[in-house]
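Engineer: Fit chain B to the given chain A structure using the hints.
Line by line, the protein sequences are chains A and B.
Under UniProt numbering, the first residue of the first sequence carries the number 1, and numbering increases by one thereafter.
Under UniProt numbering, the first residue of the second sequence carries the number 1, and numbering increases by one thereafter.
Keep in mind the hints are simulated off the structure, nothing from the lab.
Ideal Cβ placement from N, Cα and C applies to all residues, glycine included.
What the simulated footprint calls covered on chain B by chain A, stretch by stretch (three residues with Cβ under 8 Å from a Cβ of chain A suffice, anywhere in the stretch; the number is not a length):
no., region
1, 13 to 21
2, 202 to 210
3, 234 to 246
4, 255 to 269
From the structure, some residues in chain A lie toward chain B, with a derived Cβ separation under 7 Å:
no., residue
5, Leu19
6, Val22
7, Leu89
8, Met100
9, Leu109
10, Ile110
11, Asp129
12, Ile168
13, Tyr222
14, Asp223
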Amino acid sequence: MRNRDFAFWMFLAPVLFALSLVVIIPLLSGVFYSFTDWNGLGFSTFVGLDHYLRLLNDGRFLSSLWFTIQFAFVTVIVLNLLGLGLALLVTRKLKSSNFMRTVFFMPNLIGGLILGFIWQFIFISVFSDLGQLLGVEALNGWLSTTTTGFWGLVILTSWQLAGYIMIIYIAYLQNIPNELIEASKMDGANAFQRFKSVTFPLVAPAFTVSMFLTLSTSFKIYDQNLSLTNGGPFNSTEMVAMNIVYTAFSSNQMAYGQAKAIIFFIFVAIIAVSQVYYNKKREVEM
Amino acid sequence: MKGEKKRLYLLEIFGLILALIWLSPFYLMIVNAFKTNREIFQDVLGLPSEATMENFVQAYHDLQFLGALFNSTLITTISIAVIIFFSAMAGYALSRNKSKLSNVILLVFVAAMLIPFQAVMITLTSLFGSVNMLNMGGLIFMYLGFGSSLAIFLYHGAMQGIPRSMDEAAIIDGANKFQTFWYIIFPLLKPISVTVAILNVIWIWNDFLLPSLVLSSSEATIPLQMFSFFGEYTRQWHLALAGLTIAIIPVIIFYMIAQKQIIDGVSEGAVK
Chain A
1 MRNRDFAFWM
11 FLAPVLFALS
21 LVVIIPLLSG
31 VFYSFTDWNG
41 LGFSTFVGLD
51 HYLRLLNDGR
61 FLSSLWFTIQ
71 FAFVTVIVLN
81 LLGLGLALLV
91 TRKLKSSNFM
101 RTVFFMPNLI
111 GGLILGFIWQ
121 FIFISVFSDL
131 GQLLGVEALN
141 GWLSTTTTGF
151 WGLVILTSWQ
161 LAGYIMIIYI
171 AYLQNIPNEL
181 IEASKMDGAN
191 AFQRFKSVTF
201 PLVAPAFTVS
211 MFLTLSTSFK
221 IYDQNLSLTN
231 GGPFNSTEMV
241 AMNIVYTAFS
251 SNQMAYGQAK
261 AIIFFIFVAI
271 IAVSQVYYNK
281 KREVEM
Chain B
1 MKGEKKRLYL
11 LEIFGLILAL
21 IWLSPFYLMI
31 VNAFKTNREI
41 FQDVLGLPSE
51 ATMENFVQAY
61 HDLQFLGALF
71 NSTLITTISI
81 AVIIFFSAMA
91 GYALSRNKSK
101 LSNVILLVFV
111 AAMLIPFQAV
121 MITLTSLFGS
131 VNMLNMGGLI
141 FMYLGFGSSL
151 AIFLYHGAMQ
161 GIPRSMDEAA
171 IIDGANKFQT
181 FWYIIFPLLK
191 PISVTVAILN
201 VIWIWNDFLL
211 PSLVLSSSEA
221 TIPLQMFSFF
231 GEYTRQWHLA
241 LAGLTIAIIP
251 VIIFYMIAQK
261 QIIDGVSEGA
271 VK
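In isolation and in its complexed conformation, chain A is listed as follows (with noise of 0.2 Å):
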């Protein structure tokens, strides 16, 4: 018996390790740390709630956490009509429907930093050529203002996770029964209807499984912001993400990045604990 839980433990050693040292200690001691004075070394003083006070004065925080919210909103809709509408597409029987799997998915194994330097150069020189090609206006001076800066964002973000949006949808589509779309088809059910009445509450489970995952990806994006953005005009685009990166780095302010960072970590676990729930609350209703 004694063996056995020697086993058990050893088994289990290097992860507990890991995890300690890596998520635990710097979770727990981050929440300590963020009442005090703490500069990355050491303290002098409790400051209690003092830094969290601070934040709710912190503009620049308080509109980088208001472009996230807008930017997740916009966000979780678009990713998931497209991720959808492409993994219907790509369902059906069609020549080239490995092809366009792949050529979908591709953007999600290179990563946003990249990504985000690519889309760069197309909305700045790409656009305005193209704005002077056809005379449309409004397509010069992007990612210039906040709002081009926005859809710029959003832009990049659909086009890199749909396909990886689609792979769910396929996963849970495949799933279909066969005879269940034969038999709407039987009773005269045009596509719209089989859609509506058929397809979609059977990928149902898909769409929560995808919003929770859009909704947490894009509260935590980072590496597109800074590469496509960098936050500008004026840190009009700066996400919370970023701006607890430049709190803690760049101005120094340890703890009160700590801080900022305790405040995010709950909101996402609030987005995670109520999606759990509602996702609970549908399955008792099936």
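Structural biologist: Then chain B, alone, in the frame of chain A:
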């Protein structure tokens, strides 16, 4: 029936056009990487008037590409090997030891997936800095910490499909716990190991923020080099685009070789 065929045909054309639009950023990147900066401003959409490799040569050189490729490959390979080996062991132990404690440990690992990186990065870098572990070795250890959660979760799920009689037969043959794991169980987990490898390769290869906090410039990976390279060549699009093209070549080759496994692996990981 004829109408159905025609509809599929139109759908096919629509899909192909969409695929071309999807690929257009890559087209624009590659064609302009061959132009001079002046030509990019004059005509951004067309093919280059004369293809020159000059941009690529300079970008390759300034990116210190070979070194970065080596660092990226080394970090990614070792991290993935470590994640697979230790997480498979943990998943095995947790699934064979059915106790409350096992469930709690599994739950802790799963819960850790919800913690955004920004919540731990400040204290993490300070902690590792204080013991001089802000280097490649430290980074690989961090990847084990961050990557083991999902891997353990996947391995634990896969273990449900491997009957206990496999373990018992090995024990009767005189194998110890580790031998049972290594010779009997681990090979059976190969499909999940492939999934874990693929999900992690995408993440670790492309990771920017963590390496930027941990690595010195001599250990820089491709994304890190790309970042400083791009900062240097703002508005010199011909060089910047040549650099970007070079940087994504390894990924494209990887995708071409392992296409099927990648798409299957991602759908495996996504649905669970």
